[in-house]
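Work out the full structure: start from the sequences and follow the hints.
First to last, the protein sequences are chains S and L. FYI, the numbering for the first sequence is 1 to 167, going by full-length UniProt numbering. FYI, the numbering for the second sequence is 1 to 403, going by full-length UniProt numbering.
Just so you know, these hints were derived from the structure itself, not from any lab. Some clues are possibly wrong.
Stated by the list, open to error - In silico DMTMM-like links for lysine to aspartate or glutamate, alpha-carbon gap of 20 Å or less:
| id | chain 1 | residue 1 | chain 2 | residue 2 |
| --- | --- | --- | --- | --- |
| 1 | S | Lys3 | L | Glu243 |
| 2 | L | Lys59 | S | Asp154 |
| 3 | S | Lys148 | L | Glu58 |
| 4 | S | Lys148 | L | Glu243 |
| 5 | L | Lys94 | S | Asp27 |
Read off the chains here:
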Amino acid sequence: MGKIANEELLQKLNDKFPGQVAQTGADFGLLTVETNKESINAVLSFLKADATLQFIFLTDLTAVHYPELEKPIGVVYHLHSLTTNTRIRIKVFLSLDDLHIPTASTIWDGANWMERETYDFFGVIFDGHPDLRRILNVDDMTVFPMRKEFPLEDPNRIDKKDYFFGR
Amino acid sequence: MQNHPVYTDNDPQTEYSTLNLGPTHPATHGVFQNVLQMDGERIVSGVSTIGYIHRAFEKIAEHRPYYQITPLTDRLNYCSSPINNMGWHMTVEKLLNIQMPKRVDYMRVIIMELARITDHIVCNSILGVDTGALTGFTYMMQYREAVYEIYEEICGSRLTTNIGRVGGFERNFNTIAFAKTRKFLKDFTHGLKEFESLFNRNRIFIDRTRGVAAVTAEAALSYSWSGPILRAAGVDYDVRAMEPYSSYEDFDFEVPVGDNGDVYARFLVRNEEMWQSMRIIEQALTKIEKEPSDIFHANVPAFYLPPKEEVYNNMEALIYHFKIVMGEVETPNAEVYHSVEGANGELGFYLVNDGGRSPYRLHFRRPSFINYQMYAPMSQGMLLSDAIINMSSLNVIAGELDA
Chain S
1 MGKIANEELL QKLNDKFPGQ VAQTGADFGL LTVETNKESI NAVLSFLKAD ATLQFIFLTD
61 LTAVHYPELE KPIGVVYHLH SLTTNTRIRI KVFLSLDDLH IPTASTIWDG ANWMERETYD
121 FFGVIFDGHP DLRRILNVDD MTVFPMRKEF PLEDPNRIDK KDYFFGR
Chain L
1 MQNHPVYTDN DPQTEYSTLN LGPTHPATHG VFQNVLQMDG ERIVSGVSTI GYIHRAFEKI
61 AEHRPYYQIT PLTDRLNYCS SPINNMGWHM TVEKLLNIQM PKRVDYMRVI IMELARITDH
121 IVCNSILGVD TGALTGFTYM MQYREAVYEI YEEICGSRLT TNIGRVGGFE RNFNTIAFAK
181 TRKFLKDFTH GLKEFESLFN RNRIFIDRTR GVAAVTAEAA LSYSWSGPIL RAAGVDYDVR
241 AMEPYSSYED FDFEVPVGDN GDVYARFLVR NEEMWQSMRI IEQALTKIEK EPSDIFHANV
301 PAFYLPPKEE VYNNMEALIY HFKIVMGEVE TPNAEVYHSV EGANGELGFY LVNDGGRSPY
361 RLHFRRPSFI NYQMYAPMSQ GMLLSDAIIN MSSLNVIAGE LDA
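Structure follows, in structure tokens:
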């Protein structure tokens with residue numbers, strides 16, 4: 001089977017979920033759609049189960065922080081249909097006071113650690129996740145370090161100040 | 001008089017013992033910790049703890065210009081750094097719409113396939129060590145050294161290579177590099193044959209690996225496995241064949257596939273991949289001869305650093321040099337996902353760019369991280385010694401696991 005055209009893919013999603021899925025871009029030919037957290041798991045299950053699409057491979061799951069947006073945390077899914085060699089990127093934006101989204105680990109076992117990583121770095125809470133703990137950072141960390149407001153280095157450190165180097 | 005209980009082999013165990021496998025256990029080949037509940041020699045359940053060498057590469061990358069991120073990618077899978085380097089360069093080139101000349105593509109293919117061979121050498125020979133066969137390891141390590149010498153000719157370093165730049169290579173391959181590559185192909189054909197004759201039909205090795213940690217294709221796909229271990233389970237997904245990058249479509253090679261995803265199948269798949277890599281390198285060496293020999297980078301002065309003598313003598317080159325070093329190059333406002341077939345699987349780069357000097361967000365899809373999460377569930381009911389060789393054959397690299 002050949003690659004599925006972006007228009008056809010979008011059409012299928014729109015027929016199945018009217019008004020819930022909107023295209024936000026197709027950079028470098030990779031269809032990017034946005035949906036909401038109420039429909040995300042239905043969309044993922046549909047893409048995985050549909051006989052002609054077969055997006056059976058969860059390539060990646062992560063998040064991006066856009067502090068200036070009303071809903072600043074964007075959870076990003078990359079799916080890959082191995083039979084048709086088509087990729088799709090799905091985004092769900094969440095507001096800071098309600099960072100809940102249903103877990104995808106009920107659809108793919110592999111989503112488990114990817115969601116833990118996303119929780120660890122962005123604080124996204126995946127409802128229904130079997131074991132939502134920090135994964136790479138220490139357990140007693142209180143911040144979510146990949147958010148933009150978190151500085152790369154400790155702002156209080158002085159050993160890199162210019163006057164130590166005669167500047 | 002005895003006042004403590006005496007257990008015999010037939011007594012049911014009422015208490016499990018806890019075993020800390022790692023974080024610095026020699027059998028884990030890296031910083032991994034697994035807290036195992038043991039019923040005698042058998043694993044009842046396990047919990048993996050990771051993150052011991054987490055270095056926040058994704059955060060650091062948000063503060064660095066593109067060309068300074070290459071050294072970070074070295075330290076993901078440090079057994080095959082050039083693949084990571086090339087994957088990163090190609091991601092940025094995709095973002096900037098830079099087309100590579102064919103010769104650069106072929107040079108990249110050579111260096112990536114050499115890296116794949118070193119990675120598989122390490123994995124398969126260490127798998128032999130973990131089953132008790134040290135001989136194969138002692139013979140194979142010299143070939144990794146031979147590849148490292150080729151790296152030295154090309155870029156000057158051995159492990160964390162930082163080969164290439166966005167837009168091509170920093171310098172041309174010299175004649176010694178080509179000669180050493182040809183010599184390596186000749187020697188390694190002999191060496192790999194010898195290695196295979198030590199293992200492939202070895203009764204002890206087969207008894208030790210056949211049927212151990214067998215994984216179905218469905219389970220492997222559900223856990224998003226990729227690379228040799230997915231192919232060993234019978235799924236012929238290889239990024240090089242599926243979405244060819246760096247002119248892989250010009251090459252004639254096969255994607256080896258295993259049957260039941262056990263340790264033995266993974267071993268065979270990796271061995272066969274080394275043969276295929278050698279085939280690819282041979283073809284690349286022939287193809288390169290037909291290309292003009294002085295081309296080693298694309299003609300993109302706005303992104304590729306000019307030669308030093310031009311910077312000193314040519315105003316335009318000085319301006320470009322300044323702009324590139326200060327990160328004042330024009331980049332499009334776009335999102336890009338690019339993946340390469342790393343030695344352990346699909347190594348993906350998800351790059352969100354806002355037109356600034358460094359990525360707005362960079363996420364590495366690290367195959368080791370994703371492959372490793374099945375380790376604890378699949379170890380349940382396994383003998384401890386089988387779990388050890390299962391870990392070797394997953395070839396989890398701590399640097400790639402933790403990023």
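Hints, one by one, checked against the model:
1. S:Lys3 <-> L:Glu243: With Cα atoms ~11 Å apart, S:Lys3 and L:Glu243 stay inside 20 Å; holds.
2. L:Lys59 <-> S:Asp154: With a Cα-Cα distance of about 13 Å, the restraint between L:Lys59 and S:Asp154 holds, given a limit of 20 Å.
3. S:Lys148 <-> L:Glu58: holds, 12 Å
4. S:Lys148 <-> L:Glu243: violated, 33 Å
5. L:Lys94 <-> S:Asp27: holds, 10 Å
Against the hints set out earlier in the document, a violation occurs for number 4 only.
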